[in-house]
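Protein chains in written order, with numbering that gives the first Met the number 0: chain A, 0 to 505; chain B, 0 to 505; chain C, 0 to 180; chain D, 0 to 180.
If you are wondering where the hints come from, they were derived from the structure by calculation, not from laboratory data. Among these hints, one or two may not hold up.
Said to hold, decoys possible - Quick list of in silico lysine-lysine cross-link-like pairs, BS3-like style, CA-CA up to 27 Å:
hint, chain 1, residue 1, chain 2, residue 2
1, B, Lys266, B, Lys120
2, A, Lys413, B, Lys6
3, B, Lys413, A, Lys6
4, C, Lys32, B, Lys67
Said to hold, decoys possible - Chain B side only, calculated, beta carbon under 7 Å to chain D, not exhaustive:
hint, residue
5, Ser422
6, Ala461
7, Val462
8, Ala464
Predicted model, so just to flag it, every value in this text is computed and none were measured. Ideal Cβ positions, reconstructed from N, Cα and C, are used throughout, including at glycine.
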Amino acid sequence: MSGPIQKVLVANRGEIALRVMRTCREMGLGTVAVFSEPDRTALHVRYADEAIALGGETSAESYLVIDKIIAAAQKTGADAIHPGYGFLSENPDFARQLETHGIILIGPRPEAMEAMGHKTKARAVMIAAGVPVVPGSEGPVEGPDEAVIEAESIGFPIMVKAAAGGGGKGMRRVAESSALHAAFAAAQSEARNSFGDDRVYLERFLDRPRHIEVQVLADTHGNCVHLFERECSIQRRHQKIIEEAPSAFVDEAMRKAMGAVAVQAAKAVGYVGAGTVEFLADAQRNFFFLEMNTRLQVEHPVTEWITGLDLVEWQIRVAQGEVLGFKQEDLSFEGHSVEARVYAEDPAAGFMPAPGTIEHLHVPSGPYVRDDSGVSAGSEVTPLYDPMISKLSVWGRDRATAIARLDRALAEYKVVGLTTNISFLRRAVMTEEFRSGDFDTGFVGDVIEGAAPVDDRYEHLAVWAAVADAFLRDQKLETQGAQRQAGDAGVSAWRRYALVGSGGHS
Amino acid sequence: MSGPIQKVLVANRGEIALRVMRTCREMGLGTVAVFSEPDRTALHVRYADEAIALGGETSAESYLVIDKIIAAAQKTGADAIHPGYGFLSENPDFARQLETHGIILIGPRPEAMEAMGHKTKARAVMIAAGVPVVPGSEGPVEGPDEAVIEAESIGFPIMVKAAAGGGGKGMRRVAESSALHAAFAAAQSEARNSFGDDRVYLERFLDRPRHIEVQVLADTHGNCVHLFERECSIQRRHQKIIEEAPSAFVDEAMRKAMGAVAVQAAKAVGYVGAGTVEFLADAQRNFFFLEMNTRLQVEHPVTEWITGLDLVEWQIRVAQGEVLGFKQEDLSFEGHSVEARVYAEDPAAGFMPAPGTIEHLHVPSGPYVRDDSGVSAGSEVTPLYDPMISKLSVWGRDRATAIARLDRALAEYKVVGLTTNISFLRRAVMTEEFRSGDFDTGFVGDVIEGAAPVDDRYEHLAVWAAVADAFLRDQKLETQGAQRQAGDAGVSAWRRYALVGSGGHS
Amino acid sequence: MKTYVVRLADGETIEVGVEAQGDDLILTQGDVKHRLDLRRLPGAMMHMLVDGQASYDAVVEWAGDDSDPFDGRVNVLVSDRVYALDVLDHRRVRMRDAVGGEDEASAGAVHAPMPGKVLRYLVEPGDQVVAGQGLVVVEAMKMENELAAAGDGQVEALHAELGSNVEKGALLVSVMALGDV
Amino acid sequence: MKTYVVRLADGETIEVGVEAQGDDLILTQGDVKHRLDLRRLPGAMMHMLVDGQASYDAVVEWAGDDSDPFDGRVNVLVSDRVYALDVLDHRRVRMRDAVGGEDEASAGAVHAPMPGKVLRYLVEPGDQVVAGQGLVVVEAMKMENELAAAGDGQVEALHAELGSNVEKGALLVSVMALGDV
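Turn these sequences into a full structure, and let the hints guide you.
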């Protein structure tokens, strides 16, 4: 494959870095990884042709340092940078500096990032473009008192949201005026810590809405298409854990309407590349613009499964000035795809991250199963970065087939050494609520509340395994003496989460 | 999913046993594995809900013993048996005995197996049905003298083939009469050893033909469709190693013609279930019936990739009397799929099997990549069974994309502990010959002859790695003394193939 | 035959007898016997064939304090679920009971699962708490993590200073199990 | 600095000097130096970062006879290729040369790669053979496997009886490398 881009530096880590490099390899492009000190032997470092040390431990000391990333690109002669998601992917300054250094950013123009990055600005632009938005304050609200007035005109319950925000940070639900002052302060402080900008605004709180998003793809020649929707209502901590395409809730009319609005939103900011327009939908199928993510989405595989496209390939092609190879009318989708995010976390402890070392890993495979892992046996999941282990996605000719396949694949997953949410994911997928397709953003709460009772079918086997192991262990001790015992101590990587009181219930 | 079948016993091992059980899980069916002594901890045993020991080491003592298989089904209450491929999958006696025991065989009726199992009988049936066959002797040839007369009428070069044969056993190419006596005797003895039947027949030898096969699917209600062709010309030791669908050589007219003939052949023997009609094609796109495999084919994933069907699911549905859910006109294919078979073998030593223990295994993944492994880290590849480690298949919107993806995926494969053909497969995929699509059954020979020169790009890195390791090892020895050395000795699993003189060139 | 006492997560206890028979183990639970063919596999996995028929993968990880002979805590992974058990042989159980089971007392201790900052306590010493009740909130990975009580009991003490940065494993709250109150 | 002598598959030899510098190794080949940051990973894998830039996975497996101090045979996997090398430090090489490199003599020995049956020999003692030339055919896995000579030389002896069943590793044919003829 020709084109100006010859070598791509991926300014990210984990599964998304691998995802991007895989397509680069297929396109015959060189790959450059960057890494923090803890990531020296991480999978993305091993996968790349070249790897440059950024130094530092935290993201702030490594993956977020623009100068270090640019220096790495210059040292290796990378002519393009793919930012993945998170980190610098939606940072306009980064985009500008790459421009001044003559490095191609595989992503939208900085102006589009700015327009969409600031929630209240984005709302203004969308309103101007005639895109429906959630009723709320015109812009940032000065103080708690003004907030009360605004809130009463919007109507309770309302959400206090960070103006510069995203990712569920700096958000508070408020039921009545009396609680507004406290929530306002809390949201402000969280916003300051997360975005260095403590401005907040108000939005009407939609009760248990659906979270549905539309994938868009635009080139530099004015062409823009949508690649249908993704259903992302199943979230915990305001983060998605199960996504699917198409949505069981969206009918053809709604699909057409949302797609058109999404393209309209993208065009309103002169968008280029792959982006996602997120909507909230109520039970009456009214949908409101929530935000636009100006980068590749974690859950993009479900869209790839049903369209047969490689979104990273098109990001790169568009970035090197190619024209989209298809018009809206050429696009269609086939079958159904569902993705589940496997996290190192403890659902029984409020989905608290459960870092640790992966001692043994067996990933699912077989027909129509795709595993995007960022780790392998021996990898450490550190508290420094996102605790996602893998994205497991499947395809089926219909939704029921895809769900059965996902459950089969989840059952094949074996992660030894730390706590994961795999058991929770299987419970969720098993619920009648999920299988019926009739659910909303309140789903995870319901599952926790026991809509899906924990299955104790295997408890007696656990007892037998433990007793048998104890017996063999004691036999060994008798023969080999205490010296061996020290050896056994080393094994117990699970002490990590055993320390957590609630670990016992995981 | 309902239906008479509730629990399936898989009378096989390795990747195909897993493949079948995966679909059973998705259909909500119980799974039963059977295993020989060496397979006690094999992946298929661990995957199944239940596992029954057959005892014995060799296939003849275990997977081929009909009584043991039936006893296992009765003990576990399995109401159906899937034979996979090989072993008992094309054995009419097995099919009959299952009938008498009221166990459903997921496969064709015994009469169809018999008609197709015996090569000369099959030729007769096909000729009667008006299916084109390779010119050759009417039936088995009495002796070498009769063979010479027959051969001269057919025309040299000819092939001497086992009448009961298959899988490339008992085959000899003969260029002239003088060589016929020896070849005849050799083919007879090999036929006797392999099939317990020393009858042989003659066929014209087609010079470097293409090997193209058509997948058929038939129900018990008289419906029979074809699922397009697979290109299987890339073989070594008369066994396929790279397959693809569709074939780059087959045009729409030839596809229609072959498909119709394949359905005609299946109907001629009242075929039920999934089967494959194999053809030889010459450069002028003439095609001749070669044989019909009355079972699931190793390379079925490439057909699943381009059609979106689950062939095992349809085998099971048809076996429980369901009607095919589609007619020929409903079927179409999308994009292109290529499969490469990863073997524990040494291409540099004539593709000789290289058994051993898999110490470390990292399988490829990511977009449109499917890995069907029958092993995991710690698995032993024994000389007792087929040395295939995995089937790696990919899909792409076109052939070039699929090939680039296959190469990317092959590069991700890491198998430590034994010799594999991965390096050879990558060389093969890289050849201009393969990429152009213009190749035939002589392909592997050409690659060996150096059409694809061995790439020594990394030799200096191998040198550095070895020297660095030696240095660190010597350092350790100096500090820890000779006692450690014994430990190191244990590591060297590669001595296995290092013993083979030619291992050095692998 | 050696007998083990297993305490399940819900507190119920089961007695299981074990004896070797050839390469297999015979497990006795009440008057029911099961034959277990157990094979160890790489990566801490093991495979169990029960009564020559039922097939299960399992992982057994001893999670207890090795310096404490009475701490039989073990986590067992079967299918996709982790079961937290407490397994001790008969002799040790009797000894532990004699000593007066200080093991339970520590069962309610809540430690920091990762480096983080103590944002706020949700209880005070002396409070009665129930299993699953939030005790303390720690900020880590830019998220607020609420740590819950393992079982019912009474809050003994709050150990880390409010707002302080704590190391992984630091003791935050100790809870006296009800049995010992 | 310690110097190693590496013999490549084609017989060519290279000298490489090694010295530790901090956590890295400095490799000297001729007048070129390279910095190697080598990390060991699970599953016998290692990762090499060369000159702080080029990234490679590798597996090094010592394939020699441990009882023979002069046998430096090693197989190295880089990318998808296995390179068969012979690595000895300077001192050992000098000693080996002194002894008269009996190592080469055995380099041509062909052993059974797996249990099987000796179907036929393709050479006789005294025959001159070239690298890659077939020496003996063994039947295993229902297939006829032709075992080839590792290097040029002269057939010394045929060790296994024709038609006999041989164990894995059994010596079948010994070839005297040309250098020693």
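Q) Where does the structure disagree with the numbered hints, that is, which hint numbers, in rising order? A) Structure breaks no hint.
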